[in-house]
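So the protein sequences, as listed, match chains A and B. So the mapping is simple: the numbering used here equals the position in the first sequence, first residue as 1, plus 205. So the mapping is simple: the numbering used here equals the position in the second sequence, first residue as 1, plus 205.
Hints should not be assumed to be uniformly reliable.
One copy or two, it doesn't matter: identical chains are merged, so the pair holds either way.
As the list claims (entries may be wrong) - Distance condition first, Cα-Cα at most 20 Å in a straight line; then the derived EDC-like pairs of lysine to aspartate or glutamate:
#: 1; residue 1: K495; residue 2: E471
#: 2; residue 1: K575; residue 2: E213
#: 3; residue 1: K589; residue 2: E420
#: 4; residue 1: K216; residue 2: D243
Calculated from the structure, these hints are not laboratory results.
As a plain string of letters, each chain reads:
Number of protein chains: 2
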Amino acid sequence: VENYIPAELIKKKRRGSNHSREELAYIVNEFTAQRLPDYQMSAWLMAVCFQGMSEKETSDFTALMRDSGQVLNFKNTHPLVIDKHSTGGVGDKTSLIVGPLAAAAGVHVAMVAGRGLGHTGGTLDKLESIPGLSVQMSLSDFQRNVVENGIAIIGQTADLCPADKFIYALRDVTGTVDSLPLICSSIMSKKLAEGLGGLVLDVKFGSGAFMKSFEQALVLAKSLQNIGKHNGLPVTALLTNMDQPLGQFVGNALEVGECLQILKGELSPSFADTRELSIDLASHMIYLGKKASSVAEGRTLATKLLQTGQAFEVFSALCKRQGASSLNNLPRAKKIFDLHSEAEGYIVGFDTEMIGVASIILGAGRTSAKDQIDPASGIECLVKIGSKVNKGDLQFRVHGNDSHRINEAMNRIRTAIRYSSAPPAPTPLVAKILF
Amino acid sequence: VENYIPAELIKKKRRGSNHSREELAYIVNEFTAQRLPDYQMSAWLMAVCFQGMSEKETSDFTALMRDSGQVLNFKNTHPLVIDKHSTGGVGDKTSLIVGPLAAAAGVHVAMVAGRGLGHTGGTLDKLESIPGLSVQMSLSDFQRNVVENGIAIIGQTADLCPADKFIYALRDVTGTVDSLPLICSSIMSKKLAEGLGGLVLDVKFGSGAFMKSFEQALVLAKSLQNIGKHNGLPVTALLTNMDQPLGQFVGNALEVGECLQILKGELSPSFADTRELSIDLASHMIYLGKKASSVAEGRTLATKLLQTGQAFEVFSALCKRQGASSLNNLPRAKKIFDLHSEAEGYIVGFDTEMIGVASIILGAGRTSAKDQIDPASGIECLVKIGSKVNKGDLQFRVHGNDSHRINEAMNRIRTAIRYSSAPPAPTPLVAKILF
Numbered sequence: 206v207e208n209y210i211p212a213e214l215i216k217k218k219r220r221g222s223n224h225s226r227e228e229l230a231y232i233v234n235e236f237t238a239q240r241l242p243d244y245q246m247s248a249w250l251m252a253v254c255f256q257g258m259s260e261k262e263t264s265d266f267t268a269l270m271r272d273s274g275q276v277l278n279f280k281n282t283h284p285l286v287i288d289k290h291s292t293g294g295v296g297d298k299t300s301l302i303v304g305p306l307a308a309a310a311g312v313h314v315a316m317v318a319g320r321g322l323g324h325t326g327g328t329l330d331k332l333e334s335i336p337g338l339s340v341q342m343s344l345s346d347f348q349r350n351v352v353e354n355g356i357a358i359i360g361q362t363a364d365l366c367p368a369d370k371f372i373y374a375l376r377d378v379t380g381t382v383d384s385l386p387l388i389c390s391s392i393m394s395k396k397l398a399e400g401l402g403g404l405v406l407d408v409k410f411g412s413g414a415f416m417k418s419f420e421q422a423l424v425l426a427k428s429l430q431n432i433g434k435h436n437g438l439p440v441t442a443l444l445t446n447m448d449q450p451l452g453q454f455v456g457n458a459l460e461v462g463e464c465l466q467i468l469k470g471e472l473s474p475s476f477a478d479t480r481e482l483s484i485d486l487a488s489h490m491i492y493l494g495k496k497a498s499s500v501a502e503g504r505t506l507a508t509k510l511l512q513t514g515q516a517f518e519v520f521s522a523l524c525k526r527q528g529a530s531s532l533n534n535l536p537r538a539k540k541i542f543d544l545h546s547e548a549e550g551y552i553v554g555f556d557t558e559m560i561g562v563a564s565i566i567l568g569a570g571r572t573s574a575k576d577q578i579d580p581a582s583g584i585e586c587l588v589k590i591g592s593k594v595n596k597g598d599l600q601f602r603v604h605g606n607d608s609h610r611i612n613e614a615m616n617r618i619r620t621a622i623r624y625s626s627a628p629p630a631p632t633p634l635v636a637k638i639l640f
Numbered sequence: 206v207e208n209y210i211p212a213e214l215i216k217k218k219r220r221g222s223n224h225s226r227e228e229l230a231y232i233v234n235e236f237t238a239q240r241l242p243d244y245q246m247s248a249w250l251m252a253v254c255f256q257g258m259s260e261k262e263t264s265d266f267t268a269l270m271r272d273s274g275q276v277l278n279f280k281n282t283h284p285l286v287i288d289k290h291s292t293g294g295v296g297d298k299t300s301l302i303v304g305p306l307a308a309a310a311g312v313h314v315a316m317v318a319g320r321g322l323g324h325t326g327g328t329l330d331k332l333e334s335i336p337g338l339s340v341q342m343s344l345s346d347f348q349r350n351v352v353e354n355g356i357a358i359i360g361q362t363a364d365l366c367p368a369d370k371f372i373y374a375l376r377d378v379t380g381t382v383d384s385l386p387l388i389c390s391s392i393m394s395k396k397l398a399e400g401l402g403g404l405v406l407d408v409k410f411g412s413g414a415f416m417k418s419f420e421q422a423l424v425l426a427k428s429l430q431n432i433g434k435h436n437g438l439p440v441t442a443l444l445t446n447m448d449q450p451l452g453q454f455v456g457n458a459l460e461v462g463e464c465l466q467i468l469k470g471e472l473s474p475s476f477a478d479t480r481e482l483s484i485d486l487a488s489h490m491i492y493l494g495k496k497a498s499s500v501a502e503g504r505t506l507a508t509k510l511l512q513t514g515q516a517f518e519v520f521s522a523l524c525k526r527q528g529a530s531s532l533n534n535l536p537r538a539k540k541i542f543d544l545h546s547e548a549e550g551y552i553v554g555f556d557t558e559m560i561g562v563a564s565i566i567l568g569a570g571r572t573s574a575k576d577q578i579d580p581a582s583g584i585e586c587l588v589k590i591g592s593k594v595n596k597g598d599l600q601f602r603v604h605g606n607d608s609h610r611i612n613e614a615m616n617r618i619r620t621a622i623r624y625s626s627a628p629p630a631p632t633p634l635v636a637k638i639l640f
């Protein structure tokens, strides 16, 4: 290891200079080995928050975090392993559909998923609402499962990107989470460590996403894609609208229920958006995984695999392998309260983050990593942007186990709808695709 | 203590908001009590480096650091205790003159001085070059000395501003030293803790100072003065030119020797600037200490106290009280090398910082707080800006104990002079006074 003086490296970033790969290697490796103390790392991270990182720095930093732990390698088994990653939204449950759907098309799917934090949910929490199901698996079992069974979904393990784990934990308590290069490198380091041959990104924008504007999301998507490009990973990014909850349900077991209906080929206007977006994402996974010669062909295939129930069979087998006893005994909330419209007109917008916050209040999400989840609670959304409502129309159902929490959640949801006398202009769910 | 979430306070400063006094109290007090971890403090300090602090925040932060330890109080004995503080320069030895001079005029002088770091020297290192002299004293002994004997000079103690001590140590290793509000609050917290009734600041600018331009020094001076104002301490700030070494000598025992000559009333063009600046600073101390009804009267008094040797008597007694056996046995370097001019013309400028660096190479200063000082080594400057020199004229004498170091120092000094065929316009030593 080159012997750098940490304070000098911090000052270099503070004045806005770019680090060499060797300097970044020193920072990542010495910090992971606990030789670079937390107090120097956090000062450096704050300097990065203000001065940013160049494209090359971000790519180098990401690769160094990837290499801090075990890196999966499918080259000798099945090189074209695909994953999908979402930047997070309210009611975003597509992973549970697109994984099995792409796998049903013959794509090898490796998913290292996350837990919910803040107003957005996490795939792991949703899966764990299925009684018996476990997302704990060693990386070698995970790799074997992907190769042999075509799909596996796990949470982050101790040996996957430990540098990212330690750095994120420090960022969380030092006000340095919100930084584009740090966010992008954290996401992509884990994806690169999966040994993927292709990645489909669902980059969300709007009132229910972290990025409130399309422009912010575009910058994020391009940065994520660039990191992939610099490190040899093809990335397709869909920029998708998160101005309203996705689908009918928000909350873990409730969302699993919605996915099961879609996987079984059921159609309903309440979750038509979830189904459409899932088909979109899966078609890109199928194309990247070379099981279709065009995205359009992938779409046709994905639609068929939903209709025939083949995607459901893959999901069902996946759940069984990972310990689920049945898919028919999802937890249900003790209380369901209806929420009726107090206004009339066209719904023109939602404060979707507020609906996410209401779901946290019900117990469906976390504000801190230590919070416990109530898997049964959540919110059912029966109206969409463009819906015409009259006073007294049923708009939401709130599922919960605690009356006080339900009341508080309902008060939040009431404030989260905007009405107008004129219908809003329709907006596409997928705003842009970056190949 | 109000229960703040540290990461939220860090984010507040990161986005450029101002902290309340309560928030700053939480940060300072919890950090000093080791309940706020280093990694959160360093992230916050880096955010301060980028976002700054308002005048009120800086004053509050300073007062909170002052209150982290023992605060001296002369109200029941002699309320009008005065100190002088310099922001540091090459050959700046005026503390050793102005302290005794003001004390000889009847002012009570309390000096908590610092050590040299980087290209500027420190009063404590200079004093300690006097055999036997100690700057270690308990705060209560210091206070008693000031009251009973009119003057005492010590170094920072463990119980004076511990918050500043801990914060500075963290800043030193996290690239967060260079920040105006952090620099100002660090200086002023210690001055406020001395329980002063008035402070004279010597804020230096030019090639031998930390602030290279007058404008930067003016900002620093105003900020220091404002902190005093907000906390009830009258501060007079002199902005003084540091474009060339002050006086004849740079180096600890050599500078003490120069001070002894001035205190004994000797006159020489080589140290006329040291003497002039000392009289200026002392006249403001005497005026602030109400031993003269005007600064001009203070100047007359100070000049007389040098001529009569009364200031020398005060210094001599001070040194004796603090352990010095004699003032006639200062250490001397084994080797003295002459440096002659290789050019001819008028000297129009010095790279004064380079001369400071040369003195560090000789052993007269430190690059790190752990470095040992060689008290005898240093540089004798026999030319000034405006001097007309011919080839072969003696310009410097280098005092050292190691030939290799002496050669390296001489190479630096050779590059540190700028010549011109025309004489430079004269510039005043004191550029501005802020009352």
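Structure-based check of each hint:
no.: 1; hint: K495 <-> E471; result: neither (27 Å within a copy, 93 Å between copies)
no.: 2; hint: K575 <-> E213; result: between (36 Å within a copy, 18 Å between copies)
no.: 3; hint: K589 <-> E420; result: neither (24 Å within a copy, 60 Å between copies)
no.: 4; hint: K216 <-> D243; result: both (16 Å within a copy, 18 Å between copies)
The structure shown violates the earlier hints numbered 1 and 3.
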